[in-house]
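A.B. asks: Please model the complete structure; the sequences and the hints are all you need to start from.
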Amino acid sequence: MESTGSRLGLSLGIIALAAPIVALGLFIGSFAITAVEAMRSNPLAGATFYTNPDSTARVAAAAADPGSADAATLTRLADQPAAIWLLPERYPMDTVRADVAAIADAAAAAGQLPVFVIYGIPDRDCGNFSTGGLSESDYPIWVESIATALDTRAAVVILEPDALALAQQCGNVPQRVAQIQQGVAALQGTLATVYLDAGHSDWLDAATTANLLNQAGVQNVRGFATNVSNYNDSAAEQAFGEAVSALTNGAHFIVDTSRNGAGSNGEWCNPTGRALGATPEATTDDGLRDANLWVKEPGESDGTCNNGPAAGEWWPERALQLAAAAGW
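Residue numbers for the sequence shown follow this note's numbering, beginning at 239 and rising by one.
Check before you lean on any hint, since a few could be wrong.
Pair by pair, the computed Cβ-Cβ distance ranges are [to be verified]:
#1 G427 / D343: 16 to 26 angstroms
#2 P547 / T446: 29 to 39 angstroms
#3 G427 / T510: 40 to 50 angstroms
#4 D317 / T390: 22 to 32 angstroms
#5 A416 / N545: 32 to 42 angstroms
#6 G349 / G501: 27 to 37 angstroms
#7 A336 / S375: 14 to 24 angstroms
#8 G525 / D332: 38 to 48 angstroms
#9 Q426 / A484: 23 to 33 angstroms
#10 T333 / E374: 17 to 27 angstroms
#11 G525 / G501: 18 to 28 angstroms
#12 P304 / T390: 39 to 49 angstroms
#13 P378 / G501: 16 to 26 angstroms
Calculated directly from the structure, the hints in this document are not laboratory data.
Even glycine gets a Cβ: it sits at the ideal position worked out from N, Cα and C.
C.D. replies: Here it is in C-alpha cells:
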C-alpha cells in the first residue's frame, strides 16, 4: 500500500512541474491577447494628415483674386489634407525615392502623416482616361524605390486604385494579382500603413472583391481602401467595407470621402450635383474603419467627360461647385 507521505510527495512534484507550464500558458495567452489587441488598434489614431503646400488646390488658391470669395473657398479647400498621387509620369524612376523621402520628411517636420497613392501599374486603367503606367520590368523597381524611402519614414499608402477591381473586365486577373503581390512584398517591413484598393460599393460584390484581395495578399497589410475617386455615400461604403472585412479575416479599411457628401447619381466620371464629403480624420470608435481620407483631390477632373479637362487636371469650376454643394 502506498503511504500518505509518498502520495503527498507525488502531488507536490506534480504541482511543481505544473507551475511553470501554467505560467508559460499565462504568458503565451497574455502575449496572444496583446497581439490581437495590437491588430485591432487603429495605427492612424491621433494622426494629423499632411497638407501638401504644393497641391493643385494650393496653387489655385494662390492664383485666385486676393480677397475674393473664390480665393477664400479655394484656400479652405487647400487647407484640407489630401493624398499625394505617385505617378511615374510625375515621379519617375530616377527621382521617386528622393521625392517620397523629401515629402515624408516635410510631413514629419510638420508633425503630420503623409498619404501616398501608388498609381503606376502596367497598362494602368486598361487604356481609359488614366491610361499609362510602367513596363512589367520597371514597375517592381519603381515600387521598391518608394518602399526604400519609407523604410524609416511613416506614411499611409494606398496601392493601385482600380487595379484589382478592373482586372476581370481587363482580362488580366493573374497578372494584376501578381503585380499587387509585388507591391505588398516591397512595402512589408517599412513604416508604411498599407491599404490595397478594393473598388467601391457599386462595383464588384463583396465576395468577388474579397477573393481578389485575399489572392493579392491583403492579410499581409493593414487592409483595403474603398470609394477612391468615387462618390458613393459613407453609409454604403461602411456596409461594403464591413462585408468585405468579414471575408478577409477582419481586414480594416479607409474610405475616400473627398466627394461623397451628396452620394452618387450612378455616374463615376465628373457627375454634376455632387458635394465635398467628411473632412479627413482618423476614426475613434475602434471599429473596422480606420479613417475618412481625401484620396482624390476634389478639384481634379476624372477625365474628359461631362465637359471636364484631362484626368488629374485642376478644374476650378467643379472644385467651387463641390464646395458650394457642401455648404462651404
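A.B. asks: All hints, please: hold or fail.
C.D. replies: Hint by hint, here is what the structure shows:
Taking the beta carbon of each, G427 and D343 are about 20 angstroms apart, inside 16 to 26 angstroms as hinted. Our hint of 29 to 39 angstroms for P547 and T446 holds, since their Cβ atoms are close to 33 angstroms apart. In this structure, G427 and T510 meet the distance hint of 40 to 50 angstroms, their C-beta atoms being roughly 45 angstroms apart. For D317 paired with T390, a C-beta distance near 29 angstroms keeps the hint of 22 to 32 angstroms intact.
Checked against the given bound of 32 to 42 angstroms, the beta carbons of A416 and N545, roughly 38 angstroms apart, stay inside it. Range check, G349 to G501: about 34 angstroms between beta-carbon atoms, so the 27 to 37 angstroms window is met. Range check, A336 to S375: about 22 angstroms between beta-carbon atoms, so the 14 to 24 angstroms window is met. For G525 and D332, the Cβ-Cβ distance of about 42 angstroms falls inside the hinted range of 38 to 48 angstroms, so the restraint holds.
For Q426 and A484, the Cβ-Cβ distance of about 24 angstroms falls inside the hinted range of 23 to 33 angstroms, so the restraint holds. For the pair T333 and E374, the supplied restraint of 17 to 27 angstroms holds, since their beta-carbon distance comes to about 21 angstroms. Between G525 and G501 the CB atoms are about 21 angstroms apart, so this pair conforms to the stated range of 18 to 28 angstroms. Between P304 and T390 the beta carbons are some 41 angstroms apart, a value that agrees with the proposed interval 39 to 49 angstroms.
For the hinted restraint 16 to 26 angstroms between P378 and G501, the CB-CB distance of approximately 38 angstroms leaves it violated.
Hint 13 from the earlier list is the only one contradicted by this structure; the remaining hints agree with it.
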